[in-house]
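First to last, the protein sequences are chains A and B. The numbering of the first sequence is the numbering used here, which starts it at 1 and goes up by one. The numbering of the second sequence is the numbering used here, which starts it at 1 and goes up by one.
A few of these clues could be false.
To be verified - Derived BS3-like pairs: lysine-lysine, alpha-carbon spacing no greater than 30 Å straight-line:
id : chain 1 : residue 1 : chain 2 : residue 2
1  : A       : Lys116    : B       : Lys273
2  : B       : Lys2      : A       : Lys74
3  : B       : Lys2      : A       : Lys161
4  : B       : Lys10     : A       : Lys74
Source of the hints: derived by calculation from the structure; they are not laboratory data.
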Amino acid sequence: MIQVQDVVRNYHAGETVVRALKGVSLEIADGEFISIAGPSGSGKTTLLNLIGCIDALDGGEITIDGTRVSQMDKRAKTEFRRHNLGFIFQTYNLIPVLTAYENVSFVLSILSLPEKEIEERTMRILREVGLEGMEHRRPDRLSGGQQQRIAIARALVKNPKIVLADEPTANLDSKTGEEILKLMKQMNEKYHTTFIFSTHDTMVMEYARRLVSLHDGQIESDERR
Amino acid sequence: MKFIISLALKNLSRYRRRTLITAFAIAIGLMMFIVVDSVLIGVEAESMRNLRWYETSSARIMHEEYWEERLLKPLDISVEQPYEIISSLEQIGIPAAPRTTFAADMILYSDDFGEDGNMSVQVTAVDPDLDNTVFRFEETLIEGRFAEAGANELVIGSWFAEDIGAELGYWVTFVTRGRGGFYEAMDMQIVGIVNCPNPNVNRTLLMIPIDVADEYLGMEGTVTEINMAIPERSDISKEVARIAEMLDDSSQRVKVARWDELAQDYVALAETKRGGTSMILFMVFLIAAVGISNTMLMAIYERIRELGMMRALGMSDRAIQLSFMIEAGGIGLIGSITGVLLGVLGNIYMVNVGVDLGFLMRDLDMGYRIQSVMRGAWSPATLVVAFLFGTLLSMLVAYIPTRRALKMDIPSCLRHQ
Numbered sequence: 001m002i003q004v005q006d007v008v009r010n011y012h013a014g015e016t017v018v019r020a021l022k023g024v025s026l027e028i029a030d031g032e033f034i035s036i037a038g039p040s041g042s043g044k045t046t047l048l049n050l051i052g053c054i055d056a057l058d059g060g061e062i063t064i065d066g067t068r069v070s071q072m073d074k075r076a077k078t079e080f081r082r083h084n085l086g087f088i089f090q091t092y093n094l095i096p097v098l099t100a101y102e103n104v105s106f107v108l109s110i111l112s113l114p115e116k117e118i119e120e121r122t123m124r125i126l127r128e129v130g131l132e133g134m135e136h137r138r139p140d141r142l143s144g145g146q147q148q149r150i151a152i153a154r155a156l157v158k159n160p161k162i163v164l165a166d167e168p169t170a171n172l173d174s175k176t177g178e179e180i181l182k183l184m185k186q187m188n189e190k191y192h193t194t195f196i197f198s199t200h201d202t203m204v205m206e207y208a209r210r211l212v213s214l215h216d217g218q219i220e221s222d223e224r225r
Numbered sequence: 001m002k003f004i005i006s007l008a009l010k011n012l013s014r015y016r017r018r019t020l021i022t023a024f025a026i027a028i029g030l031m032m033f034i035v036v037d038s039v040l041i042g043v044e045a046e047s048m049r050n051l052r053w054y055e056t057s058s059a060r061i062m063h064e065e066y067w068e069e070r071l072l073k074p075l076d077i078s079v080e081q082p083y084e085i086i087s088s089l090e091q092i093g094i095p096a097a098p099r100t101t102f103a104a105d106m107i108l109y110s111d112d113f114g115e116d117g118n119m120s121v122q123v124t125a126v127d128p129d130l131d132n133t134v135f136r137f138e139e140t141l142i143e144g145r146f147a148e149a150g151a152n153e154l155v156i157g158s159w160f161a162e163d164i165g166a167e168l169g170y171w172v173t174f175v176t177r178g179r180g181g182f183y184e185a186m187d188m189q190i191v192g193i194v195n196c197p198n199p200n201v202n203r204t205l206l207m208i209p210i211d212v213a214d215e216y217l218g219m220e221g222t223v224t225e226i227n228m229a230i231p232e233r234s235d236i237s238k239e240v241a242r243i244a245e246m247l248d249d250s251s252q253r254v255k256v257a258r259w260d261e262l263a264q265d266y267v268a269l270a271e272t273k274r275g276g277t278s279m280i281l282f283m284v285f286l287i288a289a290v291g292i293s294n295t296m297l298m299a300i301y302e303r304i305r306e307l308g309m310m311r312a313l314g315m316s317d318r319a320i321q322l323s324f325m326i327e328a329g330g331i332g333l334i335g336s337i338t339g340v341l342l343g344v345l346g347n348i349y350m351v352n353v354g355v356d357l358g359f360l361m362r363d364l365d366m367g368y369r370i371q372s373v374m375r376g377a378w379s380p381a382t383l384v385v386a387f388l389f390g391t392l393l394s395m396l397v398a399y400i401p402t403r404r405a406l407k408m409d410i411p412s413c414l415r416h417q
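For reference, chain A alone in the conformation it holds in the complex (with noise of 0.2 Å):
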């Protein structure tokens, strides 16, 4: 369960001061998917980002499973995204000089487990997120979609708690991003894991069951479905 309790977060450009979250509340249920909508500059990745223990709050308070986050140092929220959360980026962010199946394991070296652990799960994300055969190539040989599968397996082969998705299909046309959130609701239907994911894309939000619409840093709408 995700708590967000009354979360204020402000960035200062210059002598201006712009606020980015006024007073978010929310809560998320275990293994929920949903989607966090509104148009550029009403603070989706900036929520993302707070939950995601990459940013830290000006004011209120996040909880995950009845941990602080929110009151965690840097050393300690490094440790709970480590084990607990996968991330997916709508540019991928894959190292280039690794093969896919070495961008997918090094999530479970740093975890530092047993090389054949590492490997069995490495392989058994990648065959499920349909990139068997593809393992050894690198991401300059891969498609577009083919790498954001690469994203995704990368953000689920620890067993995150939760995966937070940035526009996770925006790169993508639209065939591949149908594709994309496809394999998403699998996986999150599959491992249970909660899937929260910032868009301003109309069919991304189709698939969500849950639409958190914020606009201008406040929550406009949440609706179920």
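Once you have looked at the hints, place chain B on chain A.
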């Protein structure tokens, strides 16, 4: 750890051109360091050897009070019964030769030199039979012969002869004050011209037989110095202490000075030059360090997003830092290996062939006792230092830009273009 090393190595090959260019810059810096250091060591060793072989000998015995007054070259403060001391030294296996040095006015005549003239000089009176057992002039004669005992004959340095237009058979007169202060004039005929590896000697040498000087100057068998050839591999300080102890038993008040005490001016100059050269070497390293730092800065800044992703996925700052430092160390390692190899190749040439700077040395006194060819010398310690320094410095200079990049917050890293 395996992943960190593997990532660092893969990034090295990913940016192959950058890796090679930076490694090449490091290699050139290290090669310069090795070669310059080698030449410096070689030139210094050769200068010191040429000082001992042609100027100071390994050590010198003189009257205790002469040391303080040595610049005035007084003849009345001299060593008595020098041949007794020489004989004692020979008994303990140390060749020795007497010399008397004195300041004089040298008069040149228009009959020989084309015009009359005079100049202040320093004349060295040597024992023709013993001098070559201590000094190494035997092979340096380029014209004529050495002066013979009892004859008014003079041997002159080749550059000195060139400068004053002297040739064999020319006559000169030395006017000086003998022991006791009387004025004396000595007519000497040039019978030999020497050219030795020590430019200072070639510029100033005027050598006459010691028995002739003894008679003219009224030395009564005394000499101003006894020079000794202590075997090259011996510990000169220990030998000097041993000789001083031996001479303590005699009735004479003498001092034994090592060659480096006698050549204090050169030693001080060499130390100053060493300081200056260290500065040049430091600059070479600074340039290499700035080069690596700049390369790593670029490498890090173009991978900020990748860095942000790794941090978001839970990789610790320390692990990321280590990965970049290993990468930089890899560049340093390639550069260091290449640099040491190039340095060794350059050194093979410098040690065996060297650089002929004779055209420069003839008219420019750099203080070094090298006449023309500057040769290098092998220094394994320099190779090790260059290798370690190149590798470790590369790692060190990567630390600061990585640290700065890691201070950025993760969302900024992920947004970085």
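- Failing hints, ascending? 1
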